[in-house]
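Build the full structure now, drawing on both the sequences and the hints.
Protein chains: 2
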Amino acid sequence: MPMNEGPPPLLPVAEALARILQGLAPSQAESCALQDVVGRVLATDIAARLSLPPAAVSAMDGYAVRAADCTATAALLTRVGESAAGKPWDGIVTAGEAVRIFTGAVVPDGADTILLQEDVSATAETDGATITVNEVPREGQFIRPAGLDVTAGDAILAAGTMMSARLIALAISAGHTEVSVWRRPHVGILSTGDELVAPGGTPGPGQIISSNATYLLSFAAACGAVPVDLGIARDRPGEMLACVRAATVPLDLVVTSGGASVGTHDHIVDDLSASGTELGFWKIAMRPGKPLIHGRIDDIPLLGLPGNPVSSAVCANVFLRPAVARLSGGNHAPQMVSAKLSLDLKANDRRQDYLRATLAYDEEGLPVVTPARKQDSSMISVYAGANALLVRPPYDAPRQAGDMVMAMPLDPLL
Amino acid sequence: MPMNEGPPPLLPVAEALARILQGLAPSQAESCALQDVVGRVLATDIAARLSLPPAAVSAMDGYAVRAADCTATAALLTRVGESAAGKPWDGIVTAGEAVRIFTGAVVPDGADTILLQEDVSATAETDGATITVNEVPREGQFIRPAGLDVTAGDAILAAGTMMSARLIALAISAGHTEVSVWRRPHVGILSTGDELVAPGGTPGPGQIISSNATYLLSFAAACGAVPVDLGIARDRPGEMLACVRAATVPLDLVVTSGGASVGTHDHIVDDLSASGTELGFWKIAMRPGKPLIHGRIDDIPLLGLPGNPVSSAVCANVFLRPAVARLSGGNHAPQMVSAKLSLDLKANDRRQDYLRATLAYDEEGLPVVTPARKQDSSMISVYAGANALLVRPPYDAPRQAGDMVMAMPLDPLL
Numbered sequence: 001m002p003m004n005e006g007p008p009p010l011l012p013v014a015e016a017l018a019r020i021l022q023g024l025a026p027s028q029a030e031s032c033a034l035q036d037v038v039g040r041v042l043a044t045d046i047a048a049r050l051s052l053p054p055a056a057v058s059a060m061d062g063y064a065v066r067a068a069d070c071t072a073t074a075a076l077l078t079r080v081g082e083s084a085a086g087k088p089w090d091g092i093v094t095a096g097e098a099v100r101i102f103t104g105a106v107v108p109d110g111a112d113t114i115l116l117q118e119d120v121s122a123t124a125e126t127d128g129a130t131i132t133v134n135e136v137p138r139e140g141q142f143i144r145p146a147g148l149d150v151t152a153g154d155a156i157l158a159a160g161t162m163m164s165a166r167l168i169a170l171a172i173s174a175g176h177t178e179v180s181v182w183r184r185p186h187v188g189i190l191s192t193g194d195e196l197v198a199p200g201g202t203p204g205p206g207q208i209i210s211s212n213a214t215y216l217l218s219f220a221a222a223c224g225a226v227p228v229d230l231g232i233a234r235d236r237p238g239e240m241l242a243c244v245r246a247a248t249v250p251l252d253l254v255v256t257s258g259g260a261s262v263g264t265h266d267h268i269v270d271d272l273s274a275s276g277t278e279l280g281f282w283k284i285a286m287r288p289g290k291p292l293i294h295g296r297i298d299d300i301p302l303l304g305l306p307g308n309p310v311s312s313a314v315c316a317n318v319f320l321r322p323a324v325a326r327l328s329g330g331n332h333a334p335q336m337v338s339a340k341l342s343l344d345l346k347a348n349d350r351r352q353d354y355l356r357a358t359l360a361y362d363e364e365g366l367p368v369v370t371p372a373r374k375q376d377s378s379m380i381s382v383y384a385g386a387n388a389l390l391v392r393p394p395y396d397a398p399r400q401a402g403d404m405v406m407a408m409p410l411d412p413l414l
Numbered sequence: 001m002p003m004n005e006g007p008p009p010l011l012p013v014a015e016a017l018a019r020i021l022q023g024l025a026p027s028q029a030e031s032c033a034l035q036d037v038v039g040r041v042l043a044t045d046i047a048a049r050l051s052l053p054p055a056a057v058s059a060m061d062g063y064a065v066r067a068a069d070c071t072a073t074a075a076l077l078t079r080v081g082e083s084a085a086g087k088p089w090d091g092i093v094t095a096g097e098a099v100r101i102f103t104g105a106v107v108p109d110g111a112d113t114i115l116l117q118e119d120v121s122a123t124a125e126t127d128g129a130t131i132t133v134n135e136v137p138r139e140g141q142f143i144r145p146a147g148l149d150v151t152a153g154d155a156i157l158a159a160g161t162m163m164s165a166r167l168i169a170l171a172i173s174a175g176h177t178e179v180s181v182w183r184r185p186h187v188g189i190l191s192t193g194d195e196l197v198a199p200g201g202t203p204g205p206g207q208i209i210s211s212n213a214t215y216l217l218s219f220a221a222a223c224g225a226v227p228v229d230l231g232i233a234r235d236r237p238g239e240m241l242a243c244v245r246a247a248t249v250p251l252d253l254v255v256t257s258g259g260a261s262v263g264t265h266d267h268i269v270d271d272l273s274a275s276g277t278e279l280g281f282w283k284i285a286m287r288p289g290k291p292l293i294h295g296r297i298d299d300i301p302l303l304g305l306p307g308n309p310v311s312s313a314v315c316a317n318v319f320l321r322p323a324v325a326r327l328s329g330g331n332h333a334p335q336m337v338s339a340k341l342s343l344d345l346k347a348n349d350r351r352q353d354y355l356r357a358t359l360a361y362d363e364e365g366l367p368v369v370t371p372a373r374k375q376d377s378s379m380i381s382v383y384a385g386a387n388a389l390l391v392r393p394p395y396d397a398p399r400q401a402g403d404m405v406m407a408m409p410l411d412p413l414l
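Sequence order for the protein chains is A and B. Just so we're aligned, residue 1 is where the first sequence starts under our numbering, counting upward by one. Just so we're aligned, residue 1 is where the second sequence starts under our numbering, counting upward by one.
Note that these hints are calculated values from the structure, not bench results. Please read these numbers as outputs of a predicted model, since none were measured by experiment. Among the hints, a few may not be true.
Note that identical chains are pooled: a pair holds if it fits in a single copy or bridges any two copies.
What the hints assert, rightly or not - No more than 20 Å apart at the CA atoms, straight line, and that leaves these computed lysine to any residue pairs for SDA-like:
1. K374 - P54
2. K290 - L116
3. K340 - M406
4. K340 - Y361
5. K87 - E239
6. K340 - A360
7. K340 - V368
8. K283 - E15
9. K374 - D154
10. K290 - L21
11. K87 - D194
12. K374 - R399
13. K283 - L116
14. K340 - D362
15. K340 - M404
16. K374 - N387
17. K340 - V405
18. K340 - L366
19. K374 - A146
20. K87 - H267
21. K340 - A372
22. K283 - H294
23. K290 - F142
24. K374 - L148
25. K374 - G147
26. K346 - A372
Quick look at the structure:
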C-alpha cells in the first residue's frame, strides 16, 4: 500500500451516483400475475381493456326517474322495478315511472336522474308502490356516467411504474390479470476481510462478527432484488473472483463490503484487472463512506462499499438503493424533508455529512430532527437507532437549534 | 332492509379503531434466522451477547504509541510490529516503541494513543523503521474503547420492535443468529356480492370485476400478514360462513368487502349470529368509508369493509393496517404530515374527510398537498394515482391555498 500517493480530489455524491447508475439497466421482462407484483416495475405501458363503470350507475340509494316527471314537489310516480348491483332492471323507464335503485346499480334506460331515498315518501318497498317526490331533483344528479373512472383504451399505467396494491386494483378493474414486469435483479453480496467471523461463530482476538453481509442481503431483498450470498472472501489474491464465480445464478450486480484493509486493495486490483475493465477507487465527498470501489468483475457491475458497517449502510441507502431500483426498471430518488433542527451544529467541512438522526413529527405534523449525540461511524447501535439521516452539504454554515435543515428518512424496513 | 330506521349516531374514527384493536393480539412466537426477519416483530427483548468493539481498537490508520513518548515534536520511536484488522499484534508496547496500526485493529497492550499516519515521518514501512513524531498527540486520541458501541448484557432491542435491515445488523454484531418473532397473522380475504366477476372473467350486464380481493390480498401481504384468499361469497344465506370455514389454515382475522348491498345485510346478520357473538354495523364519521362491520365469525375477529373499492382502500389504511400490525405483535400509527395546501377547500361537514391527494416536496424539502379535482369515491383511478390522503377533521373550517393541513402519506407499496 503506497503511503505517499496524494489522495485524489473528492468526488461529489451526485456525480458518483450518476456514474454508478449510468451502467445499469433492467435485463429481462416476464409476465406475472397481478396478485404477485407488489414492488415490481412495469416493463410496458398498460391500457384499460374495460371502461369503469361499464354503464351509467347510481351513486346513491334511491329511485331512477325522469327529471321531467319531478319538476314539482308532491309529484307522484309509480315504482315499476328494482335495479341492484349485479341485478340490473332491463326495462325502459317511461313517464310517471320510478325504478328502485341502489348504489352501484345500473341506471335503467329512460331514466336520467336519481332521487335520493330520503327525498321521497314510498307507500311500500314493492313494485306498484306510489313514490311522492318531496325534493325537486337537479337533472342528472347522482348518476356516474359510463367511463367516468376509466375508458377502455385509455393509458392507465406507464412502463417504469412500481406497482402498489392500489395500482394492482386499478389494473384488475380495467380487465387485466397479469402484466409484464422486469425480472428482479440478482445482487451478489460479498464480504471481504480476514478479521470477519461468520454469524454464529466465536470471534478470536482481533476478530469481529460479519454483520454487513446479512445487512446487505436483507437490504437488497427489501429493495426488491433477489439477494445472492457470495460468502466471505479472505485477503488473498483471486479469492474475490473465485467467490463471484461460485455463484449459481447469473448476477446483475456484485456488492462487496470491505476491501480497504491492508493488503486487500492489491487483491482487488489484481482480481478486477484479471477479469475486467475500468476500475474506480473513489474518494467521495461524504461522511461516513468516503472510499467506494466502482468497476466490473467478470463484466458484472461491481459496487464496493466500505467495510465499516455504518459507512456501508449509509452508502447502501445513497448508492445501492437507487442502483437496485434502476436494475429493477424503476427509479429511486431519496425523498428529502425539511425539518427543524433541535440543537446547534458546527460548520461542516468539504464532505457531505450524513448524521445519524431521529426525525419526529410534533402534534402539529411538523418534522423535528435531532442528530445523535455520538456520530462515531463505527457505532452500529447509533445507526440502528436512527430513523433518518440529517444531510449537510459540503461547507454548510454553522446551524442553530430552530434552523430548518434537510433530512433523509430511512425506510422502516432498511 | 328497513327504510325508516333512523341512522345511528356516527362513530368517531379513533373510537372505531380503538374498538377494533382491543380484541386483537399476536398468537404465537417462533424462532427465526435473522436474515429472514425484515418486517417481523420481536416477541422478546434482546440483550447483547458480545461487546462492540470487543477490545479497544484504532479509529484511524497510524501508529499505536505511549503518549508519554510523544510529548514533543521530533520525538523518535522505533516500529516494532503491526496490528491490522483481524491480525492483532500480541506484544506489549514499551518506552520508545510504536506499532503500525490500521483502522479497526486492536490497540496493543501498553499503547494508549494513536498517532495519525499523516502526523509522522517513517523511514520505511517495515519493523525497525524509525518514526518521527511531527505533531504532538492528545493522550488517548483515536482509540475506540471496548464496548463503546455495545456492552455485552446490554438491552439492545425491545419486544414489539419491528425488525429492519439495520436492526438485524445490530443483532448479528451483538452475537445473535436468530430471534423470537411473532408468527405472521393469517388474514382471510372474502369478497361478497352477486355483481362481482372474478378477475379474468367477462362482466355481464350490471356486473363488475372484483378488484377488492386482489387489492386486500396484496395489501395484507405488504403489511406483513399471510393473506388467505377466501373467494367471493354470493348474496345467499350461509355463503359467507361456508367460505370462511373452507379456509385450510386457522385464521387470525377475516376481512370482508361489500355486504352492504341489498339483501346481503341480512345474510351477514344470519351468518354471524349463527356463528358468533357481538356484531357491530358501524356508521363511522368518515368519508369515504362510512359503513363498517365489526364482529366475530366462528369466533374469528371480523372486519367488514365497504364494497366500494376506494372506501375499502381508505378503510384498509385506517383500520386494517393497524389491525395487522397488532396481530403481528407491533403497532402502527399512520404518520401525519403537515403540508401546504395548494388550493381552496370548502368547510367540512360532520365526517372526517380523507381526500385523495398528491403530496410533493418542493426543492426546499417543504411538503405541498394537492387534493385530486375529482373526489368521487367510486373512482379507482383517482385513488390509484394518489400518494397521500388529505385528512380533514369533522367540521373543519374553510381552507385557503397556502394554509397548512394534515396529510397521511400512502405507503408506496400499499
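Next item on the list: Tell me, please, which holds for K346 and A372 at an alpha-carbon limit of 20 Å: within, between, both or neither?
Entry: Cα proximity of K346 and A372: one copy only (14 Å, versus 43 Å across).
Notebook entry, point to check: When no copy is specified for K374 and N387, does a C-alpha distance of 20 Å or less occur within a copy, between copies, both, or neither?
Noted result: This pair counts as within: shortest intra-copy Cα distance 15 Å, inter-copy 35 Å.
Check: At most 20 Å between C-alpha atoms: does K283 with H294 qualify within a copy, between copies, both, or neither?
Finding: Within one copy only: 11 Å inside, 58 Å across.
Note to self: As a check of your reading, is K374 near A146 (CA-CA no more than 20 Å) within one copy, between copies, both or neither?
What the structure shows: Between copies only: 15 Å across chains, 61 Å inside a chain, cut-off 20 Å.
Margin query: One pair to classify: K374 and L148, alpha carbons no more than 20 Å apart. Within, between, both, or neither?
Written below: between (56 Å within a copy, 10 Å between copies)
Next item on the list: First find the shortest C-alpha distance between K374 and P54 inside one copy, then the shortest across copies, and answer within, between, both or neither for a cut-off of 20 Å.
Entry: So K374 and P54 pass the 20 Å test across copies only (19 Å; inside, 60 Å).
Check: How would you label the pair K340, Y361 (within, between, both, or neither) given a Cα cut-off of 20 Å?
Finding: Classified as both: same-chain Cα gap 10 Å, cross-chain 15 Å, threshold 20 Å.
Notebook entry, point to check: Using 20 Å as the alpha-carbon threshold, which applies to K374 and G147: within, between, both, or neither?
Noted result: between (58 Å within a copy, 14 Å between copies)
Notebook entry, point to check: At most 20 Å between C-alpha atoms: does K374 with R399 qualify within a copy, between copies, both, or neither?
Noted result: within (17 Å within a copy, 43 Å between copies)
Checklist line | 20 Å Cα threshold - placement of D154 relative to K374 | finding: The answer is between: 18 Å across copies meets 20 Å, while 54 Å in one copy does not.
Next item on the list: State whether the alpha carbon distance between K340 and V368 is at most 20 Å within one copy, between copies, both, or neither.
Entry: both (5 Å within a copy, 17 Å between copies)
Next item on the list: Can you give me the call for K340 and A360, within, between, both or neither, at a CA distance of at most 20 Å?
Entry: both (10 Å within a copy, 18 Å between copies)
Comparing the model with each numbered hint stated earlier shows that all of them hold.
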